[in-house]
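Colleague: Here is what each chain is made of, one letter per residue.
Number of protein chains: 6
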Amino acid sequence: MSLLNLFIEAGNLKKLRRSGWVLRGIPNPESIADHSFRTALITLFLADELRNRGVDVDVEKAVKMALLHDLGEARITDIPMPAQGYFDKVSGERKALRDILKPTKRAEEYLELFEEYESESTLEGKLVKFADKLEMLVQACEYERAGFNALDEFWGALESLRKSDLYPHFKDVIEGLVRARKQNCLL
Amino acid sequence: MSLLNLFIEAGNLKKLRRSGWVLRGIPNPESIADHSFRTALITLFLADELRNRGVDVDVEKAVKMALLHDLGEARITDIPMPAQGYFDKVSGERKALRDILKPTKRAEEYLELFEEYESESTLEGKLVKFADKLEMLVQACEYERAGFNALDEFWGALESLRKSDLYPHFKDVIEGLVRARKQNCLL
Amino acid sequence: MSLLNLFIEAGNLKKLRRSGWVLRGIPNPESIADHSFRTALITLFLADELRNRGVDVDVEKAVKMALLHDLGEARITDIPMPAQGYFDKVSGERKALRDILKPTKRAEEYLELFEEYESESTLEGKLVKFADKLEMLVQACEYERAGFNALDEFWGALESLRKSDLYPHFKDVIEGLVRARKQNCLL
Amino acid sequence: MSLLNLFIEAGNLKKLRRSGWVLRGIPNPESIADHSFRTALITLFLADELRNRGVDVDVEKAVKMALLHDLGEARITDIPMPAQGYFDKVSGERKALRDILKPTKRAEEYLELFEEYESESTLEGKLVKFADKLEMLVQACEYERAGFNALDEFWGALESLRKSDLYPHFKDVIEGLVRARKQNCLL
Amino acid sequence: MSLLNLFIEAGNLKKLRRSGWVLRGIPNPESIADHSFRTALITLFLADELRNRGVDVDVEKAVKMALLHDLGEARITDIPMPAQGYFDKVSGERKALRDILKPTKRAEEYLELFEEYESESTLEGKLVKFADKLEMLVQACEYERAGFNALDEFWGALESLRKSDLYPHFKDVIEGLVRARKQNCLL
Amino acid sequence: MSLLNLFIEAGNLKKLRRSGWVLRGIPNPESIADHSFRTALITLFLADELRNRGVDVDVEKAVKMALLHDLGEARITDIPMPAQGYFDKVSGERKALRDILKPTKRAEEYLELFEEYESESTLEGKLVKFADKLEMLVQACEYERAGFNALDEFWGALESLRKSDLYPHFKDVIEGLVRARKQNCLL
Numbered sequence: 001m002s003l004l005n006l007f008i009e010a011g012n013l014k015k016l017r018r019s020g021w022v023l024r025g026i027p028n029p030e031s032i033a034d035h036s037f038r039t040a041l042i043t044l045f046l047a048d049e050l051r052n053r054g055v056d057v058d059v060e061k062a063v064k065m066a067l068l069h070d071l072g073e074a075r076i077t078d079i080p081m082p083a084q085g086y087f088d089k090v091s092g093e094r095k096a097l098r099d100i101l102k103p104t105k106r107a108e109e110y111l112e113l114f115e116e117y118e119s120e121s122t123l124e125g126k127l128v129k130f131a132d133k134l135e136m137l138v139q140a141c142e143y144e145r146a147g148f149n150a151l152d153e154f155w156g157a158l159e160s161l162r163k164s165d166l167y168p169h170f171k172d173v174i175e176g177l178v179r180a181r182k183q184n185c186l187l
Numbered sequence: 001m002s003l004l005n006l007f008i009e010a011g012n013l014k015k016l017r018r019s020g021w022v023l024r025g026i027p028n029p030e031s032i033a034d035h036s037f038r039t040a041l042i043t044l045f046l047a048d049e050l051r052n053r054g055v056d057v058d059v060e061k062a063v064k065m066a067l068l069h070d071l072g073e074a075r076i077t078d079i080p081m082p083a084q085g086y087f088d089k090v091s092g093e094r095k096a097l098r099d100i101l102k103p104t105k106r107a108e109e110y111l112e113l114f115e116e117y118e119s120e121s122t123l124e125g126k127l128v129k130f131a132d133k134l135e136m137l138v139q140a141c142e143y144e145r146a147g148f149n150a151l152d153e154f155w156g157a158l159e160s161l162r163k164s165d166l167y168p169h170f171k172d173v174i175e176g177l178v179r180a181r182k183q184n185c186l187l
Numbered sequence: 001m002s003l004l005n006l007f008i009e010a011g012n013l014k015k016l017r018r019s020g021w022v023l024r025g026i027p028n029p030e031s032i033a034d035h036s037f038r039t040a041l042i043t044l045f046l047a048d049e050l051r052n053r054g055v056d057v058d059v060e061k062a063v064k065m066a067l068l069h070d071l072g073e074a075r076i077t078d079i080p081m082p083a084q085g086y087f088d089k090v091s092g093e094r095k096a097l098r099d100i101l102k103p104t105k106r107a108e109e110y111l112e113l114f115e116e117y118e119s120e121s122t123l124e125g126k127l128v129k130f131a132d133k134l135e136m137l138v139q140a141c142e143y144e145r146a147g148f149n150a151l152d153e154f155w156g157a158l159e160s161l162r163k164s165d166l167y168p169h170f171k172d173v174i175e176g177l178v179r180a181r182k183q184n185c186l187l
Numbered sequence: 001m002s003l004l005n006l007f008i009e010a011g012n013l014k015k016l017r018r019s020g021w022v023l024r025g026i027p028n029p030e031s032i033a034d035h036s037f038r039t040a041l042i043t044l045f046l047a048d049e050l051r052n053r054g055v056d057v058d059v060e061k062a063v064k065m066a067l068l069h070d071l072g073e074a075r076i077t078d079i080p081m082p083a084q085g086y087f088d089k090v091s092g093e094r095k096a097l098r099d100i101l102k103p104t105k106r107a108e109e110y111l112e113l114f115e116e117y118e119s120e121s122t123l124e125g126k127l128v129k130f131a132d133k134l135e136m137l138v139q140a141c142e143y144e145r146a147g148f149n150a151l152d153e154f155w156g157a158l159e160s161l162r163k164s165d166l167y168p169h170f171k172d173v174i175e176g177l178v179r180a181r182k183q184n185c186l187l
Numbered sequence: 001m002s003l004l005n006l007f008i009e010a011g012n013l014k015k016l017r018r019s020g021w022v023l024r025g026i027p028n029p030e031s032i033a034d035h036s037f038r039t040a041l042i043t044l045f046l047a048d049e050l051r052n053r054g055v056d057v058d059v060e061k062a063v064k065m066a067l068l069h070d071l072g073e074a075r076i077t078d079i080p081m082p083a084q085g086y087f088d089k090v091s092g093e094r095k096a097l098r099d100i101l102k103p104t105k106r107a108e109e110y111l112e113l114f115e116e117y118e119s120e121s122t123l124e125g126k127l128v129k130f131a132d133k134l135e136m137l138v139q140a141c142e143y144e145r146a147g148f149n150a151l152d153e154f155w156g157a158l159e160s161l162r163k164s165d166l167y168p169h170f171k172d173v174i175e176g177l178v179r180a181r182k183q184n185c186l187l
Numbered sequence: 001m002s003l004l005n006l007f008i009e010a011g012n013l014k015k016l017r018r019s020g021w022v023l024r025g026i027p028n029p030e031s032i033a034d035h036s037f038r039t040a041l042i043t044l045f046l047a048d049e050l051r052n053r054g055v056d057v058d059v060e061k062a063v064k065m066a067l068l069h070d071l072g073e074a075r076i077t078d079i080p081m082p083a084q085g086y087f088d089k090v091s092g093e094r095k096a097l098r099d100i101l102k103p104t105k106r107a108e109e110y111l112e113l114f115e116e117y118e119s120e121s122t123l124e125g126k127l128v129k130f131a132d133k134l135e136m137l138v139q140a141c142e143y144e145r146a147g148f149n150a151l152d153e154f155w156g157a158l159e160s161l162r163k164s165d166l167y168p169h170f171k172d173v174i175e176g177l178v179r180a181r182k183q184n185c186l187l
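Residue numbers (full-length UniProt numbering), protein chains in the order written: chain A, 1 to 187; chain X, 1 to 187; chain W, 1 to 187; chain Z, 1 to 187; chain H, 1 to 187; chain P, 1 to 187.
No lab work stands behind these hints: they were computed from the structure. Don't be surprised by glycine CBs; every beta carbon is placed ideally from N, CA and C. The reader is advised that the hints may include incorrect statements.
Result set (DSBU-like, lysine-lysine): computed pairs, CA atoms no more than 35 angstroms apart in a straight line [to be verified]: (1) P/171 <-> P/105; (2) H/163 <-> Z/133; (3) H/95 <-> Z/105; (4) P/95 <-> A/182; (5) X/171 <-> W/171; (6) P/163 <-> P/182; (7) W/89 <-> W/171; (8) X/163 <-> W/105; (9) W/105 <-> X/133; (10) P/126 <-> P/163.
Now the in silico label distances, taken between C-beta atoms and shown as ranges [unchecked claim]: (11) H/184 <-> W/179: 21 to 27 angstroms; (12) H/5 <-> P/112: 38 to 44 angstroms; (13) A/28 <-> P/156: 26 to 32 angstroms.
Take these sequences, add in the hints, and give me the full structure.
Modeller: Laid out in C-alpha cells, this is it:
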C-alpha cells in the first residue's frame, strides 16, 4: 500500500455520480469529485473572506477538510438518504476513510478533520459543512435553470444554512442564491 | 402507500448503474433493472429446461424470486463489494425490501423468496443464484468482447457456478461461455 | 445454437434505448430491458392481486409472457410508431422471436404467449398488455417529474387502460397515477 | 407541412445512434447525422479530386445525394443488418423518404438521387456508396484505436470498396486505411 | 499528409459537443458534426428553393460552404462566446482550416468559401450564415420542447435572421418557428 | 458581480470534459473539475509528505494553487494541444482568470499563484505542476486498465516528472506507476 494506491482509489470519486441527482432522474449528473472540487473552492474563498474580516480561521485546515470530506465515499459510494435508515453511514464511512488513508503518515490528523466536519465542532468544521450545503444548492439552482424539476427537497438545506453561525458573514451569498432561484437561477 | 408507490420506487433500478462495472471504468454500464431482467429471463429458460428433464421445480416461484432478488437495491443502491466490509448489506437490504413491499398483500411470501435466494436453501433459491452469477458472466463476456479490460475478478464466480448442484444440468452453457471467452466472446 | 446464444442476444435489450423517449429528446433514456423488467414486476404484483381477489389467473404464464413480450426486439430493435406505417412490425417481430427462441425446447409454447399478448385473447394477454401500458405511463410520469416535456402523446394510452377489462380491478392505481401527474408526479 | 417540419424531423438523425455500433457495445456511439456529415464531406473531397483528374462528375449532385442518403432513417431509424431479414428495409425507407420530402418542390428529383445511390446506377451513386462505406471504415478504425473490439465484421466492406469502379482512383486512401489499421489506426 | 488524415481529423467534429449547449447544462448535446449536417441539409433545401424562385444561386458552392464552415473546429474546438473576448477565434480558425485542408488540391478555393461565409460577402455566404443560425434555433426549439430552459439568449439570433437579405424569401419558415416556439415547439 | 457569480461560473468545470480524452475517443470522460479535484488531493498529500521530510513547503499555498490552476478554463474551456499553435492559450487564460476572480478581494494574490504554477518559479509552483502531470498519468493508467488505447502520447509527461526537482522525493510513486502500467495498471 502506497500513496499511489490512495490516488487511484480516489479516482472512484470521478466515476461515481451523486446519488441524490441520479434518483431524481437527472441524466449523467455530476460526480462526487465534481462536488468535492467546488466545495473546496467555495471553502477557499469563504475562508479567505472570513480572514479578510479579521476572523481567525485556519484556511489550510479548512481547505484540506473540504478535499477529504467525501473521500470515504471512494470506497462506500454515495449512499442516498433513504438508505441511511438501514445502515449507519457515518460509522462505515469513518472506517473506510481510515483504511483509505493508511498509506499516509498523518492519517490520524486527517481523520480528525473528518470528525470536525461531521460534528461541526470547530469553526473550520462549520465552514466546510456550510460550503458543502451551499455547493449543493448552487448545483440544484443550475439543474433547475437547465429545466430539471422536483428538486424542492434539496432546498430544505437552506434552513440549516440560515441557522449556521456563518450565515451573518455570508447572508448576501445565501439570499442572493434564493433570489436567483426565483429568477430561474439566471444571474 | 399503494402499489403505485412500489412501481415508482422500482423505477430507481433503471436509474442506478451496477457499481461493479462503474468502478472498473465502463462508461454508462447496465442498470440494476437491466441485470434483473436478464436474470429473470435466464431463470425462466433454465427452470423450464429443468422441468423438461423431469426435475420438480416451481417455475413461477423461481421467476418471481429472480424479479425480486435485487428490489431492495431500489432503496439501498448497489453497494459494491469493497463497501460490504463496512456495512451488513444483506441485513439492510432485507429491511429495505420489507418496507418497499408494504403496499402488497403478500409481503411475507415475497420476503421468504428473498431469503431462499440469499441462503440458497431451496432448489429455486439455488437456481436464481446460479442465474444471477451466470448473467453477470455473460455480461462480463460482452464487455470484454467490446474491448473492456480488468474484469478478471468477476470470473471468480465461475468456481461457484461449477460447484453448484445445478452445474451438471447446465455444464454446456457454463463451459460454452468459458470457451466463448477464449475466442473473445464471439459466438 | 444453444441457450447461451439466446442469453447473449437478449443482452441487446440492455443496449437498445426505447425509441419513443429517444425521439422526444430525452438523453440516454431507459433500455428495452429496463422497460421489460418493470413490466414483468408490475405483472407479478397485479397478477397476485387478482389472485387475492379470487380471479383465476395463471401467474406463471403472465410473468413469462411479460418477460418475453419484447424479446423479438433484441433482433429487430424498437421500431418507433411513425415507422410502423412502412413495415409490418408485428409480423417481423414474430418471425424474429421464432428464430431467437430456436435453442429452447418450448419455442411453440413461448410463441403462443407472444400471440396471446399481441391479440389480448386471454386474461393473461390482457394483463400483460395492461402492465405494458401502465409501465410506460409510470415512466412518462417520472420523466415529467424530472422536467421533460412533450410527452402528452404517451398519455393517450390512458384511454385503453380505462377501457380494459382489468380497469375495475386497478382503478385505484390508474387514477392514482392520473392524480400524481397533476401534482408533478410527486407521491 | 412546411420545410420547417422537414428540418425538425431531420433532427431525429442527431438523436438516433448508428445501430451497428450500439449492438457491438460501444457506449453512446456516433449519430446517423454524424455519419451523414462525414459521408458528405468525403464525397465532396473525392468528387473534387475526380474532377481534378478530368473525370466528368456532377459534384453538386453527389454532395446532395450524400446529404439525403440516410434521411429516410429520420422516420424508420437505423434498422440493423440482422433485422433486415424480417423487413424490406429499402422499400420502407423509400416510402418514408417520399413522405418526409413532401414539403419540398423537388421531391421527385431528390428521390431519384436516393435511387441512384441504392442502385449505384450512376457515377455519383457509385461515389456516394463508396464514401458511405469508407466513412464507416474510418469510424471503425477510430473505434479500434480507442480500444473497442469485435469490429472485424465491418471490415468486410473492404472487399466491395476494392471492387468498386472508383477504387483505382482512391487506392491510396483505401490501402492507407488498411495499413493504418495494422498500426492501431494511428497516423 | 493525405486525404485520409483529413477524413480522420474531421472525425473530431463527431466527438466534440457544441459548447453553447454544454454550458447551459444540456446533458450530452449534439456534436459539431450533427450541427454541420443539418446546416448543410437546410442549405440544400433553401438553395434549391431560391433557385425555384429564379434566384441565381450556386447550389454546389453553398452546400460545400456549409459542409466546411465549422471544419476548422476539428482542430480548435467550439470555443464558446464568452471565451472569444480572450482570443481572436476567427483568425485561429482560419489558420487551422488552412492546415487541415493541406492534403487537398483546392485548399485556396475552400478557404475562399470560408471567407465568404465569415464575411457574408456573397449570396452563398449569406445563405449559409442564415442556415447556420436557423439550424441553431431549430435545435433550441427542440431542446425547449424536451424541457430544457435558459435558452433565451440563443433566440437573439432571430434578429439577425430577420435583418438578412434572405428573410423575405424564408419569412414563413422563420415566423413559423417563432409560432412553434410559443406552442412549445410542437408542430 | 458577487462571489455567487464566481461559484456558478466555476460550475462550468463540471460540465466541460477534458479535451485530450475526448479527442482520443473516450466516451464521456472526466470533467475538468474531476481533474482539479484529484490534482488538489495529490498536492495535499505530497505537500504534507514533503513537510514530513523537513522540506519547508507552504501547504496552504500549494493546495490553493491546485484548486485555482484550471479555473480560467471555466471561461475559455480546455483548449486542446493541437489548437494551441493557433492561440496564445496562457495569455487568454490569465485574462479570463483575472475577470473570473473580480468578485474576490484577493484577486492579485490568486493570480500570483497562477503565475507561480505556470512558470514553476517556486517550490509550490513546481509541486502543483508535478501533481497536475501525475494526476493525468494516473488517469491515463486507469483508462488503459479499462481497455482504452492510443494514450501513449500522454506518457511523454513522464520525462518532465523525472526531470522535476521533486522527483527524488516521489520516485517511488512515479516508478510505481510505471510498473503498474506494465501490469495493466492493476495494483
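Colleague: Each hint should be assessed against the structure and marked as holding or not.
Modeller: Evaluation of the provided hints:
no., hint, verdict
1, P/171 <-> P/105, "39 angstroms, violated"
2, H/163 <-> Z/133, "42 angstroms, violated"
3, H/95 <-> Z/105, "39 angstroms, violated"
4, P/95 <-> A/182, "32 angstroms, holds"
5, X/171 <-> W/171, "47 angstroms, violated"
6, P/163 <-> P/182, "21 angstroms, holds"
7, W/89 <-> W/171, "31 angstroms, holds"
8, X/163 <-> W/105, "26 angstroms, holds"
9, W/105 <-> X/133, "23 angstroms, holds"
10, P/126 <-> P/163, "11 angstroms, holds"
11, H/184 <-> W/179: 21 to 27 angstroms, "23 angstroms, holds"
12, H/5 <-> P/112: 38 to 44 angstroms, "42 angstroms, holds"
13, A/28 <-> P/156: 26 to 32 angstroms, "31 angstroms, holds"
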